[in-house]
Amino acid sequence: MKIVAHSYVNSKGVFLNGDCVQTRVDLEVHFLNDLYRKLELNYPKFYKMDTLSKSALLADFVLTPYYTEKPELEDQLQLIFANDESSKQTDLKFIDSYELKENASPSLFVYTLPNIVTGELAIKHKWYGENTFFILPDFQTKFYVEQMEMSFARGNKYCLCGWMSNKTEENEECFLFLVSQSENKNVTNEIENILNTYRNE
Amino acid sequence: MKIYLKYGALISPLGNDIGSHFNALLHHESGIQLQKEEGFDGAALYLSKIPWLTENRYNTLLSKICDDLLVNVSTALLQSPKTAIILSTTKANMEEVDADSFASSRRIISEKFQNPNETIILSNACISGVLAINLAADYIQMGTFDEVVVIGIDVLNDFVINGFQSLRALSDEPCLPFDENRKGVSLGEACGAIVVSNKGGADFSVEYLGGASSNDANHISGPSRTGEGLVRVVNKTLDRSNSKKEEINYISAHGTATLFNDEMEAIGFNRLGLENVPINSFKGNFGHTLGAAGIVEVLMCMVSMEKNTLFKSVGFEKLGTTVPLTVLSENLDLDLHVVLKTASGFGGGNAALLMRKIG
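If you read the sequences in order, they're chains A and B. Under the working numbering, read the first sequence as residues 1 to 201, first letter to last. Under the working numbering, read the second sequence as residues 1001 to 1359, first letter to last.
Keep in mind that the hints were calculated from the coordinates and are not lab data. For every residue, glycine included, the Cβ atom is placed at its ideal position computed from N, Cα and C. Some hints here could point you the wrong way.
[As the list claims (entries may be wrong)] Chain A residues, not near chain B, derived (Cβ > 12 Å throughout): (1) K2; (2) E40; (3) N42; (4) P44; (5) Q78; (6) D84; (7) T141; (8) E190; (9) N196.
[Said to hold, decoys possible] Here are some, though not all, of the chain B residues that point toward chain A, as calculated from beta-carbon distances under 7 Å: (10) F1040; (11) V1097; (12) M1142; (13) L1167; (14) T1326; (15) G1349.
Start from the sequences and build out the full structure, keeping to the hints where you can.
Quick look at the structure:
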């Protein structure tokens, strides 16, 4: 395995391969919306998304240069995503929509599944390959490495792994790392160190 | 290496064990009934609801399937460090969403089985169950575990009912998969368990040949118009199973009974040249049980293989797709060999697996 590239998004900014690409500027709006504007992205569907998908979209955007000239991504890329409490934030908003506002909101309900995130990325890049979404108590490097070993054994050439937490607003984080099958290298410690560095920025 | 699927346990409105489900399906029974004051506006809705499940519904059902597994499967197997537990669910326990809707699952399974491995939770909408079996098979293949117990569970609650109602996806009569008069989904609840193993043994088992997942890369809440993801996942599954499509003599479809889903499947199976293979949907019996559906339906495929009986697709009378399909309008006695199970769901996901009868 070889880590091709990695990115991270939290309330401080968007990071690529350890470097800050964009810091948050406007403290009046949600940091995800602020970062989207500052990065001058043109993906209007962004505003319809929940915070899980928004954070993944930003982290994915900075990885985009690493997707070029890799035709295997269309069908031999597996998305291995996980978080700690599924779509909790949107779940609570949807419950409010029918308990307080007396109108169950279909646009909220479609985001009450965590794997919508992987669906959004598949749509954006026309990736037809495998997708899995897990609920883990916390980020576990060993678990991702185990999943990637099985994925590569099944014939996939790349894995895009994602960890995202979104229990409460303004505390969202998203960590993506693109791993290729090439090279027989143990990446466990490397992944662990990368995330710890991002979290301590 | 050969991988085997064995009966674990099954609880639905149709019964509390595999045997009672065989009888129920033989007689075209359905758990879908009109339930009063269920909808968002207090309306009556057709749901497949477990009648004895009243309070603390999710935890009670999960505890019951664990107790059943302790009877049906040896305690030593459930406790072993070489056994993993995978849970497939879309929403887990929504009564505890304010704290953590997934915490009770880990607690209950750990208390009941005393297994040292942390329960692996997969939450991938309607394809979770099939994905979970595929993942279990991968763990066996890698030699990480000797046995993996896969549990699929989802219960009915206001959250899910209001959600499907808000999408206008619910049928105002029991669902009619693949039928010309189909109007949408009937929701259901169930819990099923399968033991995936590297050993055959004396009890009935089927051989797991291979599986895959795919994404439509098209829409987060609507199925692909071309069946692209389904075509890709079935081809990949055949490839990984070293099998040919001509070997398949029965398909257990997803068949939610929405206009678009069933049409998508019909288009996909035609593109694959599988339109003449007998096919059914179990949604007419169980309703759509979301994260449990894949497990429940694979269990029923295993029953079909054991008994050499294909079950009528309940709710189906006249084909309502633009391209042909061989939907089972009656039970059919057939010597089964290779069976294909597929699932498709929100987020654009598709999953499939292939099984073979032993002997």
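(message) Please check whether the beta-carbon of P44/A is more than 12 Å away from every beta-carbon in chain B.
(response) Given that every Cβ of chain B is farther than 12 Å from that of P44/A, nearest at about 15 Å, it holds.
(request) May I ask you to test the interface hint for G1349/B with respect to chain A, counting a Cβ-Cβ separation under 7 Å as satisfied? (result) 6 Å, holds
(request) Over 12 Å to the closest beta carbon of chain B is the bar; see if E190/A clears it. (result) 22 Å, holds
(message) The output says E40/A does not contact chain B. Does that hold with a beta carbon cutoff of 12 Å?
(response) 24 Å, holds
(message) Would the non-interface assignment of N42/A survive a Cβ cutoff of 12 Å against chain B?
(response) Fine: 19 Å to the nearest Cβ keeps N42/A off the interface.
(message) A closest beta-carbon separation below 7 Å is what the hint needs, so does V1097/B meet it against chain A?
(response) 6 Å, holds
(request) With chain A as the partner, please determine if F1040/B meets the hint condition of a C-beta pair closer than 7 Å. (result) Cβ of F1040/B sits 5 Å from chain A, so the hint holds.
(request) Beyond 12 Å from every chain B Cβ: check whether that's true for N196/A. (result) 21 Å, holds
(message) Beyond 12 Å on every Cβ pair: is that true for D84/A relative to chain B?
(response) 8 Å, violated
(request) Please settle this one: Q78/A was flagged as non-interface, so is its CB more than 12 Å from every CB on chain B? (result) Label violated. Min Cβ-Cβ 8 Å, cutoff 12 Å.
(message) Is the interface hint satisfied for M1142/B? The criterion is a beta-carbon contact with chain A at less than 7 Å.
(response) Holds, about 6 Å.
(request) Using 7 Å as the Cβ threshold, decide whether L1167/B counts as touching chain A. (result) The hint holds - L1167/B has a Cβ within 7 Å of chain A, the shortest such distance being about 5 Å.
Comparing the model with each numbered hint stated earlier shows that hints 5, 6 and 14 do not hold.
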